[in-house]
Every structure is written in structure tokens, then in C-alpha cells.
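Student: If you're matching them up, the sequences are chains U and A in order.
Under my numbering, the letters of the first sequence match residues 1 to 502, in that order.
Under my numbering, the letters of the second sequence match residues 1 to 62, in that order.
Simulated from the structure, these hints should not be mistaken for laboratory data.
A few of these clues could be false.
Stated by the list, open to error - Simulated crosslink set (DMTMM-like; lysine to aspartate or glutamate; CA at most 20 Å straight-line): (1) Lys56(A) - Glu494(U); (2) Lys482(U) - Glu494(U); (3) Lys482(U) - Asp115(U); (4) Lys497(U) - Glu486(U); (5) Lys31(A) - Glu219(U); (6) Lys426(U) - Asp115(U); (7) Lys3(A) - Glu494(U); (8) Lys103(U) - Glu494(U); (9) Lys103(U) - Glu391(U); (10) Lys217(U) - Glu30(A); (11) Lys103(U) - Glu487(U).
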Amino acid sequence: MSATFWVWFGIAVYIAVGLGIALMARRQLGVGVSEFFLANRRVGGFVSALSYSATTYSAFMMVGLVGLTYFTGVGALGFELTYLCGMFMMVFFLPRFWLVGRKYGYVSPMELLSDRYQNRGVGATTAILALVFLVPYGAVQLMGVGYLMNGVSGGAIPVVAGIIIAVVCAIAWSSIAGLRSVAWTDAFQALIMIVTSAAVLGVVIAALGGFGAFFSKLEAASPGLLTVPTAGGSWNINMFIGLALPWLFFLISNPQVSQRLFIPKSVTAMKQMLGGFLIFGFIYTLISVLWGFGAHLLVPGLENADLATPKLLALPIIPTGLAIVVMIGITAAAISTIDSILLTLSSVWARDIHRGLINRKVSERGELRVGQWVIPIMAIIAFLFAWWVTEQPQGGLNLMIAPLSSAASAGLLMAVPTIFGAFFWKRATALGAMVSCIAGAVLVLIFQITGARPLGWWPGTWGFIVCVILFIGVSLFTRPPKDKAEEFIGYLRESLKKGNFI
Amino acid sequence: MTKSAWGWTWFGFLLALDIAIPWFVLSHVEKVSGAFLFWAIWAVVAIISVFIILLKWRGVEK
Numbered sequence: 001m002s003a004t005f006w007v008w009f010g011i012a013v014y015i016a017v018g019l020g021i022a023l024m025a026r027r028q029l030g031v032g033v034s035e036f037f038l039a040n041r042r043v044g045g046f047v048s049a050l051s052y053s054a055t056t057y058s059a060f061m062m063v064g065l066v067g068l069t070y071f072t073g074v075g076a077l078g079f080e081l082t083y084l085c086g087m088f089m090m091v092f093f094l095p096r097f098w099l100v101g102r103k104y105g106y107v108s109p110m111e112l113l114s115d116r117y118q119n120r121g122v123g124a125t126t127a128i129l130a131l132v133f134l135v136p137y138g139a140v141q142l143m144g145v146g147y148l149m150n151g152v153s154g155g156a157i158p159v160v161a162g163i164i165i166a167v168v169c170a171i172a173w174s175s176i177a178g179l180r181s182v183a184w185t186d187a188f189q190a191l192i193m194i195v196t197s198a199a200v201l202g203v204v205i206a207a208l209g210g211f212g213a214f215f216s217k218l219e220a221a222s223p224g225l226l227t228v229p230t231a232g233g234s235w236n237i238n239m240f241i242g243l244a245l246p247w248l249f250f251l252i253s254n255p256q257v258s259q260r261l262f263i264p265k266s267v268t269a270m271k272q273m274l275g276g277f278l279i280f281g282f283i284y285t286l287i288s289v290l291w292g293f294g295a296h297l298l299v300p301g302l303e304n305a306d307l308a309t310p311k312l313l314a315l316p317i318i319p320t321g322l323a324i325v326v327m328i329g330i331t332a333a334a335i336s337t338i339d340s341i342l343l344t345l346s347s348v349w350a351r352d353i354h355r356g357l358i359n360r361k362v363s364e365r366g367e368l369r370v371g372q373w374v375i376p377i378m379a380i381i382a383f384l385f386a387w388w389v390t391e392q393p394q395g396g397l398n399l400m401i402a403p404l405s406s407a408a409s410a411g412l413l414m415a416v417p418t419i420f421g422a423f424f425w426k427r428a429t430a431l432g433a434m435v436s437c438i439a440g441a442v443l444v445l446i447f448q449i450t451g452a453r454p455l456g457w458w459p460g461t462w463g464f465i466v467c468v469i470l471f472i473g474v475s476l477f478t479r480p481p482k483d484k485a486e487e488f489i490g491y492l493r494e495s496l497k498k499g500n501f502i
Numbered sequence: 001m002t003k004s005a006w007g008w009t010w011f012g013f014l015l016a017l018d019i020a021i022p023w024f025v026l027s028h029v030e031k032v033s034g035a036f037l038f039w040a041i042w043a044v045v046a047i048i049s050v051f052i053i054l055l056k057w058r059g060v061e062k
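Same shape as in the complex, but just chain U (with noise of 0.2 Å):
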């Protein structure tokens, strides 16, 4: 049979499995916008660690890392540890997010800040800040699965066709139960994606000889892409800054993962998340830089960086199926970010705005069924962009995946002064989050499309301390909620406390 057949196979096997656990996940939901959006939070550490893996490891991991490391050499592992040490921040944020969402019934973390800033603004400006940078985001995850199932099966699957599979995938997980379907293929996506790149990396050393020829053959042969800045000129600390700035806030930046900071069932729960996550993140890490740099020895001289993985998945020395078993890890990473990043969304959107801003009598029926309504109405968008992405002449992945990831993750980073604020400074105010937030995302998004870098830096780091500044300066000239803030960092104080959380 032909591998076409077998990649028809492999993606029917997976949805197939998808389905069973998204249907299992079901028997346990109840009722109501907690429950569908945090599952009541009640989610268990082991599954609350794989899931929170899956939803930050996007295809990016094995893509576009891959090939930052396969062109631009050992920046690339800083880089992604750099966001991996940026989760020590978690011991300050884990513990504040949970014990507030538990005392205060928080679904976004949004909502959160309209709460604390006492002023539905803050909530609707932050919620439009990731409306506009995750939807993009959303449709690169899609447009890498097109590519994938494309190049795995020699053309034969239409890229459409593998973006069409993502987004009825994506909307069926976070629909089926909620955050209760989206935990579980999760997890069960999580444990795909590392199983399968750490056998084609054993793979791709044995073909190599052993890690330790593995290694020699890279100083040998390449002993630039060992050090920074790179004798091309990559990684210089500029470079560095602007593309590690965004990543190390992204814990807090990003909705989809910082909803997750509600869902642990307890704090032993929360032990396990944060620990499981750090050694997948640090194993999955690792094994994406060994990809980039294996496939510099074994593909060299490939002009585009994204395609890297296709190609090292392509030698004779990967088996077919293990070709089409890492293609599913692939896809399973990609959906596994976008069906979060829906779920989060139609939460965002039904609590911030349609609650927030355009109907605050709504019933939490109401709420819910918008929010389940805004599910798909987010995928047929992202499922557009994309669609539309890849029609363009220019080409879909080389042209749009590194500046569309970047764009969205320095955009989000916009939010991170008035989280800080929110946590750290009773003198914060509304109106100092909210000028901070657009003044700091327009920067971004001008210096983005321009192309604009004054004195070398990128537009994060030029939107990130314009963001700080105006976050300060508006908030000392302003009035802070004197009384909320007290109660909520004098609740925190109280029970960090008790938790002997720091």
C-alpha cells in the first residue's frame, strides 16, 4: 500500500482516539461556565501537566525551532530555555492566580483584571489584545499542519485539506466538553509529541554513531553554530533580547496558558503541573535543538529553514511509519495549541466582552451558549487567514510562520506591566493599564509592519519599555482602586502565608 494510504491511516487512527477521549471526557461534565471552561477546576496534576505542555509546545517546537537551530545554531537552545527559566516566575504567579480565581470565581484572566483594576476596560482591552495577536497565531498552527501532511504524503494530501483535519479537530476537542475534552487530548496529544521526536532523534544519533560522534562531527563540521553571536552575524544579544523578551513573559502573556493557572485541584495538584511541565519542557526542548542540529549534518544546504524537519523526516534512515507517527506528534502539537487557544478565546469573548461590555444582565446559560457559539466563529477565522496565507504567491510557511509567531507573542507581551500591576502594586490604575496595553501594541504592530528597529532593538523590547513607562507614569497620575487593591494583595499576603508560597 501506497504512504499516501498509511498518512490517511495514521491522521484516521489519531482523530479516531481524539474522539474516544474528547467522548470519555464528556461522561463528566456538568453544567455551567466554570465547569465548562476550567472543569470546575478540578483537574488533577498529571494531566493538568501534560495538558498545560501540549498547549504551550505548539508546532513551532519542531518546525521552527528545527530550523532556527539548523541555520542559526546553539542561540536557538538559549533562546527556548531562556523561556523555560522565564517559569520560574510561576512560584510568584502559580499560587496568586489560583487563590484568587478560587476566592474570586475567575474564568478569563481578564476578568481577573477588570476586577482588581475595578473597570471592565482593562478586561475588554486585554481581551482585544489577544483576539487580534492569538488569532494569527492560531492560523500559523494550521498552516504547519497543512504543510506537514503535504510534504509527508509527497503532495498527495492538499495543504486545505490537512488545514481543513486541524480546525474540525481543534473545534470538535474544545466542544465536545470543554476544557475537560481539551485536558485530556491533551494529554494524550503530549505524550504523542514526545514519544515520537525522541525516537526519530534516536533515530537520526544511531545514524550518526552515537552521541558522542554525534557531537564531534558537529564541532567538526560546523563549530560556528556553537557559539554566539553566530560568525553569520545571528544572535547577536539584540537579537537575542527581541526574540527571548516576549518568551520569558509568556506564562503570564498568553491566555491560554495563564487560564490555566485556575484549573489545579489542589496545591499538590499544582506542584505536579509546574514540575511535570518543566522536565517535558527542558526533554522536548533539548530533543528539538538535537533535530536542528542532526538535520544540519544530514540535510546540509537548505536554503529554507522551515524546511528542515520535512527533509530529515524524508531521509531513507527514518522508516515510513515512524515518518508518519512523528507527522501525527507534529499535528498533535499544533491542534493541541489551537484548540486551547479557542477555548480560551470563546471564554474571553463571552465573559470580557459580551458580558463585560455588551450585556451584562446575561444569564450564565446565556454566556455559555455565546461562548460555545464563538468556538467555531474563531476557527473559521483562523481556518480563512490561513487559507488565505498559503494562497499567496510569495509562499504560506516561509513567508508568514516567524513574523506572524513573533508579532503575536510581542504584541501579547503588551499585557504583562498591567498583570504585574494587578499582583505587585496597589498603586496601579485602570488607566494606566489600558494606555499602556494599546500605546504598546500599536508600537509593536507599526514597528512590525514597517520593518522599523531603532538602534538595533526589536519591536517588542521598543513596545515593551514604552509599555512600562506609560504604565507607570499614567498610573501615578491617576487614581488607583484604593480599596479593591488592598483587599485583594491583603487576601494574597494572608494566604501565600498559610500556603508558604512565596
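Given chain U's structure and the hints, the job is docking chain A onto it.
Tutor: Showing chain A alone in chain U's frame:
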């Protein structure tokens, strides 16, 4: 200094190392034992730091 201040200081120190060592100390070491090994060990240190803090957390009632 409070525990929280210690935590932020340690995190800042880790970030300072993230830039200082690869760019100013190891920038001419074109071997796996250079920036690659540094970042791997550095990340392990960061992860162990988190685990040390996590182990002290205890359950709280709502």
C-alpha cells in the same frame, strides 16, 4: 530580605548569567562544552531552584 525578594533576586541573577556567560565568557568556545553545555546546566539549575521552592508549598483551605 523577604523570601519573595530572595526569589526575584535569584531569578534576576539567573537572567544575568543567561546573557553574560554565553556572550562575554564563552563567545569564542566553538565546542559543545561551550554555550550548549552552559545553557543546559543553567536550565537544570533554574528547574532545581523551582523544585526547591515547590517542595515547601503546603495545602491551603479555600
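Student: Please go over all the hints and tell whether each is borne out by the structure.
Tutor: A quick look at each hint next to the structure:
no., hint, result
1, Lys56(A) - Glu494(U), "16 Å, holds"
2, Lys482(U) - Glu494(U), "18 Å, holds"
3, Lys482(U) - Asp115(U), "12 Å, holds"
4, Lys497(U) - Glu486(U), "16 Å, holds"
5, Lys31(A) - Glu219(U), "6 Å, holds"
6, Lys426(U) - Asp115(U), "14 Å, holds"
7, Lys3(A) - Glu494(U), "14 Å, holds"
8, Lys103(U) - Glu494(U), "13 Å, holds"
9, Lys103(U) - Glu391(U), "48 Å, violated"
10, Lys217(U) - Glu30(A), "13 Å, holds"
11, Lys103(U) - Glu487(U), "12 Å, holds"
The structure fails to meet hint 9 from the earlier list, while all remaining hints are met.
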